[in-house]
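There are 2 protein chains.
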Amino acid sequence: MSKYVFGVDVGGTTVKLGLFTLEGELLDKWEIPTRSENSGIHILPDVAESILKKAEEKKIEKSDIAGAGIGVPGPVDSEGAVHCAVNLGWGEFNVEKELSKMTGIPAKAGNDANVAALGEMWKGGGKGHKSLVAVTLGTGIGGGIIIDGKLLSGFTGAGGEIGHLHIMDNEPDKCGCGNHGCLEQYGSATGVVMLAERHLAKTGKPSMLRGRELSAKAVFDAVKCGDEMAIEIAEQFGEILGKGLAVIASIVNPEVFVIGGGVSKAGTVLFDYIRPAFDRYVFKGSRSTEFVLAMLGNDAGIYGAAKLVMDHSVYI
Amino acid sequence: MSKYVFGVDVGGTTVKLGLFTLEGELLDKWEIPTRSENSGIHILPDVAESILKKAEEKKIEKSDIAGAGIGVPGPVDSEGAVHCAVNLGWGEFNVEKELSKMTGIPAKAGNDANVAALGEMWKGGGKGHKSLVAVTLGTGIGGGIIIDGKLLSGFTGAGGEIGHLHIMDNEPDKCGCGNHGCLEQYGSATGVVMLAERHLAKTGKPSMLRGRELSAKAVFDAVKCGDEMAIEIAEQFGEILGKGLAVIASIVNPEVFVIGGGVSKAGTVLFDYIRPAFDRYVFKGSRSTEFVLAMLGNDAGIYGAAKLVMDHSVYI
Chain A
14 MSKYVFGVDV GGTTVKLGLF TLEGELLDKW EIPTRSENSG IHILPDVAES
64 ILKKAEEKKI EKSDIAGAGI GVPGPVDSEG AVHCAVNLGW GEFNVEKELS
114 KMTGIPAKAG NDANVAALGE MWKGGGKGHK SLVAVTLGTG IGGGIIIDGK
164 LLSGFTGAGG EIGHLHIMDN EPDKCGCGNH GCLEQYGSAT GVVMLAERHL
214 AKTGKPSMLR GRELSAKAVF DAVKCGDEMA IEIAEQFGEI LGKGLAVIAS
264 IVNPEVFVIG GGVSKAGTVL FDYIRPAFDR YVFKGSRSTE FVLAMLGNDA
314 GIYGAAKLVM DHSVYI
Chain B
14 MSKYVFGVDV GGTTVKLGLF TLEGELLDKW EIPTRSENSG IHILPDVAES
64 ILKKAEEKKI EKSDIAGAGI GVPGPVDSEG AVHCAVNLGW GEFNVEKELS
114 KMTGIPAKAG NDANVAALGE MWKGGGKGHK SLVAVTLGTG IGGGIIIDGK
164 LLSGFTGAGG EIGHLHIMDN EPDKCGCGNH GCLEQYGSAT GVVMLAERHL
214 AKTGKPSMLR GRELSAKAVF DAVKCGDEMA IEIAEQFGEI LGKGLAVIAS
264 IVNPEVFVIG GGVSKAGTVL FDYIRPAFDR YVFKGSRSTE FVLAMLGNDA
314 GIYGAAKLVM DHSVYI
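First to last, the protein sequences are chains A and B.
The first sequence runs 14 to 329 under this note's numbering.
The second sequence runs 14 to 329 under this note's numbering.
Note that these hints are calculated values from the structure, not bench results.
Any given hint could be a false lead.
Heads up, the list lumps identical chains together, so a pair's fine if it works in one copy or across two of them.
[Said to hold, decoys possible] Each computed SDA-like pair below joins lysine to any residue, with the alpha-carbon atoms no more than 20 Å apart:
{"hint": "1", "residue 1": "Lys67", "residue 2": "Gly275"}
{"hint": "2", "residue 1": "Lys67", "residue 2": "Leu306"}
{"hint": "3", "residue 1": "Lys278", "residue 2": "Thr34"}
{"hint": "4", "residue 1": "Lys297", "residue 2": "Asn100"}
{"hint": "5", "residue 1": "Lys75", "residue 2": "Met115"}
{"hint": "6", "residue 1": "Lys230", "residue 2": "Asp182"}
{"hint": "7", "residue 1": "Lys297", "residue 2": "Ser91"}
{"hint": "8", "residue 1": "Lys143", "residue 2": "Lys163"}
Bound conformation, chain A alone (with noise of 0.2 Å):
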């Protein structure tokens, strides 16, 4: 019977890497540079060798490993294959059967911001929910939806994009997608720089974010100290981040929202600016959503990837 567990986490810059047991104790983290040039061809042999590695080291025999889970950037289909996860340079193959092959041991492959999803249920904010929306506040803003204790991965890999949600119109400025008024535009850590920006140019009041360097935190900082025009930004934030979340909670009707990501540092005074506008715009039979904080942090998709691998049947 096996006994241990791989998490991977491949991300633009690092791979993140987890061992744990089966129960989910995390034993070991590492990372590892992601080598994106040549395609990233580099990539899945490294986590391979990486993965191997840290078996002889901590004297693991193949048969008590359980597997790997890896959760990459970009849509992941049911069957393990990426189409085209951009940012590592990767076009269209089997990320499952190849890292299986390189490691000679069984492999799953999710797209990250649902396989972080799966960590905060398991381990994390959404612990005890089987009905939950994870929503990771960072550079843009990743999703991940399980029902009933499920990822839903959607039809072409594409579950959960609530990033790219149509929520403002008449924006001038592209999002990264190449659409315009998507949610990450407002919701996300560059969203709420940009809209602290617009803020600061429109009107002459004073405030204390004048002349500082603008980040999402710098902003919620100043909503702590009273800043009003802080505190204005925040509420632009909320009313647009409130009403796109009620708009899923009108589709989804899950049981709670797990709110992680840079921003969500922040803490639950974040809540105090969304919930309002969540309030209002969501259907009534909608409206006993909860809102949690994440708690795992950078470390959900370690945690996801190796609860991937475990599940037998973990989409729906």
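Given the coordinates of chain A, work out where chain B should sit on it, guided by the hints.
Coordinates of chain B only, in the frame set by chain A:
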């Protein structure tokens, strides 16, 4: 081994009933009035009596009946309980248990729009697909989300309530749900009439719609005749509905939208107006979603209700 199944669709004024073989052949269908007086206490007994009478008339033994499925207008939780079906006057009780007790056969209950989606997947426009969103453009907008062949009922039974996703800011009129700017205020049959009224009042342009009784049918008939104003109304309808469906696709990533309800009688001309906006607003990973017309019309509910009984695990 059972050979028959009953499908029941409870509407605000009539209850539709159908007798099916397990293969989905509709052997007989009929209607009884919905007696919603006295908090709707007669409705379920009327349904039970009608089922038993039909079985007797057809000389069908109880042991040959797999059960009765029933769709009701309101949220139904995974235990088969309704919490408030306003149109029927119902408060809180377990429809499955009550109907089963009255008939002596197994019963399964679901929300009417969700159940209709199941019907369209089984024998209608969604046949052959396991990942779809059914959109019923009637007096309001109903929705049913099917993932891997199963209904997304939502944590409180409000999954797929796509008619009430917020799509328009600054809407002065109130939706039936109490909010402002819900999708069904524009994309339903009632919504098309509202858009037409506003458009006709705004400009003095000639149109064959002037002086006529307005309806979704009249508008799309005029579109087919090349009426300029009707085309503008259809464009506005398509812009808003297409945007709403794009939001849904960006979150759920279905294989196909199955469009039904009264408005869909206009035919595929609808897609000419919905699709351009959909393509403009949807996340690129979900752009391949197809649009098809529903095929079962008012029978979708009885088909889906019958199917409810036959699937061991119909909800996710």
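Hint check, failures only: 1, 2, 3, 6
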